[in-house]
Each structure stands twice: as C-alpha cells, then as structure tokens.
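Undergrad: Between the sequences and the hints, there should be enough to build the whole structure, so can you do that?
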Amino acid sequence: NVLYTTAKRDPLVLIEENRRRLASKAGFDVETLYIAKAVHGNTVYEIGTDPPDGGYDGVISNKSNVTCAAPGADCVIILFADPIQHVFAAIHSGWKGTVAKIPSVTVRSMHGKFGSKLEDIVVVMGPSICKNCFEFGKDDIQQFEDINPQCVLHKGLDGNPTIDLKLAIRTLLEEEGVLPEHIDDTTTCPCTVENPNQLYSYRRDGRPFGNQIGFIGLRSN
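So in the numbering used here, spot 79 of the sequence shown is number 79, and the numbers just go up one at a time.
If you're looking for bench data, these hints aren't it; they were derived computationally from the structure.
Please read these numbers as outputs of a predicted model, since none were measured by experiment.
There may be inaccurate statements among the hints.
As the list claims (entries may be wrong) - Simulated crosslink set (PhoX-like; lysine-lysine; CA at most 20 Å straight-line): (1) Lys101 with Lys113; (2) Lys96 with Lys63; (3) Lys101 with Lys131; (4) Lys117 with Lys63; (5) Lys131 with Lys96; (6) Lys113 with Lys63.
To be verified - Restraint ranges, calculated between C-beta atoms of paired labels, are given here: (7) Asn197 with Pro51: 24 to 30 Å; (8) Lys138 with Leu118: 31 to 37 Å; (9) Asp53 with Glu174: 27 to 33 Å; (10) Arg20 with Asn160: 17 to 23 Å; (11) His86 with Gly137: 37 to 43 Å; (12) His154 with Thr186: 19 to 25 Å; (13) Thr188 with His154: 26 to 32 Å; (14) Gly55 with His86: 23 to 29 Å; (15) Pro180 with Glu145: 20 to 26 Å; (16) Pro52 with Asn132: 20 to 26 Å; (17) Gly159 with Glu17: 39 to 45 Å; (18) Pro52 with Ser220: 26 to 32 Å; (19) Pro196 with Ile84: 38 to 44 Å; (20) Ser220 with Lys138: 49 to 55 Å.
Built from N, CA and C at the ideal position, the CB exists for glycine as well.
TA: This is the structure:
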C-alpha cells in the first residue's frame, strides 16, 4: 500500500517507506512521484502546473525523470503512453470517473495539449473489479447503458445487474480515436475481488483498505 488517507489501513510512516522501496526497485526518484488523489472525478493534473483545487484523478506529463501514478482498489488503473511525443499519463477510473469520461478527457489532453496523434496512443488497464463481481444499483444503470448497452449484464429480474467497467472504458477510448489494438484490457487485469492473496479490494474488505497503484514515467537518455 503506497497511498495514505484516513480511510486507509496503514500509517503514513509505512506508506513513505513503501514508496521508497517501490522507487528503489523500479528505478525512479520517489521525490518526483506524482500519485492521483482518487476523488472520483475527471480532472487530470499536468505536472508542472498548479495542482487543481479539489483533487484530481489523473496525472499527465511529457517530462523526463518524473513518474505518474494512479491508485485502485476495485477502480480501474489506466496507463497511457505516446512513444512518439513522449507523453504519458496515469488515471484512476472508477464508475463515477468513467461516467464522467476521464478516459476521454485524458486522450483529449494528450492530443490537444501535447500533440499526440490518436494512432500513436497506447493504453493498458490494470487490476480492477470484474464484470461478474461489480453489482450495480438499478437506479443508476442508465449511465452505463448510454455508454454501451453491452456494459450492463442482467443477472435476472430479482438480482442487481453487474457492470463491465473495462468495456465501458474501452468504448470511450475507441470513441476518442484510440485504435482497438492499442488498448490492452486483458494482460494485467485480474479481478481485485477474486484475488485476496494478491490484490486489495474495497468491495471485498471494506474500510480500512489498501490500494495497488500503476505507474509510468519517462527516463532521460
């Protein structure tokens, strides 16, 4: 666990030590690690500018020797890269962020602010709650049907539907122009709920809970 809030289970001193260990193993500078705040919105923070008021769910940069990271404990961690323009981003996309289209916001930022061509953007999704485990309230289901009706799986008349969050995200990315073959939503995507020995899950464990993170950066030559 490398994310500290009052809802998390570990003290700050342990979080800081975990960050140092991660940075040492992965080969980046812990002092230039920027982690999204996970406030369930659609704001993406560009490193080097003033941090947005109210927090942010994504971090983006084209600077070398900085690391963008995003947490998740059922929500989808998404990493973006453009190897041509050297742009990279990490976002936290739970159901609220997905409905608010933070994946789309990120692609538009890469394309509009940093000059990325849509065909050069590659995306990978990390561990998250799977479509079999993500039960969702019937009253809010229309938001996902509006994105893609196939995101909603109906278990029966008496049961709550479940949501395919990754399919919703893929749909948004493809609508923005990211090539389908440049979206990896299978390789590093085990279900957080179904893997208690490997992954944290808020749905499974409740509070206090831990987080995994995904991170991406650009090393100088």
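Undergrad: Now, for every hint given, state plainly whether the structure supports it.
TA: Against the structure, the hints come out as follows:
As the CA atoms of lysine 101 and lysine 113 are separated by approximately 18 Å, the hinted pair is consistent with the 20 Å bound. As the CA atoms of lysine 96 and lysine 63 are separated by approximately 29 Å, the hinted pair breaks the 20 Å bound. Of the pairs offered as hints, the one joining lysine 101 and lysine 131 holds, with about 19 Å between alpha carbons and a cut-off of 20 Å not exceeded. Restraint check for lysine 117 and lysine 63: the C-alpha separation of about 18 Å stays at or below 20 Å, so the hint holds.
Of the pairs offered as hints, the one joining lysine 131 and lysine 96 holds, with about 16 Å between alpha carbons and a cut-off of 20 Å not exceeded. Between lysine 113 and lysine 63, the direct Cα distance comes to roughly 14 Å. Compliance with the 20 Å bound is thereby established for this hinted pair. The hinted range of 24 to 30 Å is not satisfied by asparagine 197 and proline 51, whose Cβ atoms lie roughly 36 Å apart. Between lysine 138 and leucine 118, the C-beta spacing of about 35 Å keeps the proposed range 31 to 37 Å intact.
Between aspartate 53 and glutamate 174 the CB atoms are about 32 Å apart, so this pair conforms to the stated range of 27 to 33 Å. For the pair arginine 20 and asparagine 160, the beta carbons lie near 42 Å from each other, so the given range of 17 to 23 Å is not met. Checked against the hint of 37 to 43 Å, the C-beta distance between histidine 86 and glycine 137 comes to roughly 42 Å, which is consistent with it. Between histidine 154 and threonine 186 the Cβ separation comes to about 23 Å, which falls inside the hinted range of 19 to 25 Å.
Threonine 188 and histidine 154 have their C-beta atoms about 28 Å apart, which keeps the hinted 26 to 32 Å range intact. The hint said 23 to 29 Å for the Cβ distance between glycine 55 and histidine 86, and at roughly 26 Å that hint holds. For the hinted restraint 20 to 26 Å between proline 180 and glutamate 145, the CB-CB distance of approximately 21 Å keeps it satisfied. As the Cβ distance of proline 52 to asparagine 132 is approximately 35 Å, the hint placing it in 20 to 26 Å is violated.
A hinted range of 39 to 45 Å for the beta carbons of glycine 159 and glutamate 17 is consistent with their spacing of about 43 Å. For the hinted restraint 26 to 32 Å between proline 52 and serine 220, the CB-CB distance of approximately 27 Å keeps it satisfied. At roughly 40 Å, the beta-carbon separation of proline 196 and isoleucine 84 lies within the given 38 to 44 Å, and the hint holds. Checking the proposed 49 to 55 Å range against serine 220 and lysine 138 shows it holds: the Cβ atoms sit about 51 Å from each other.
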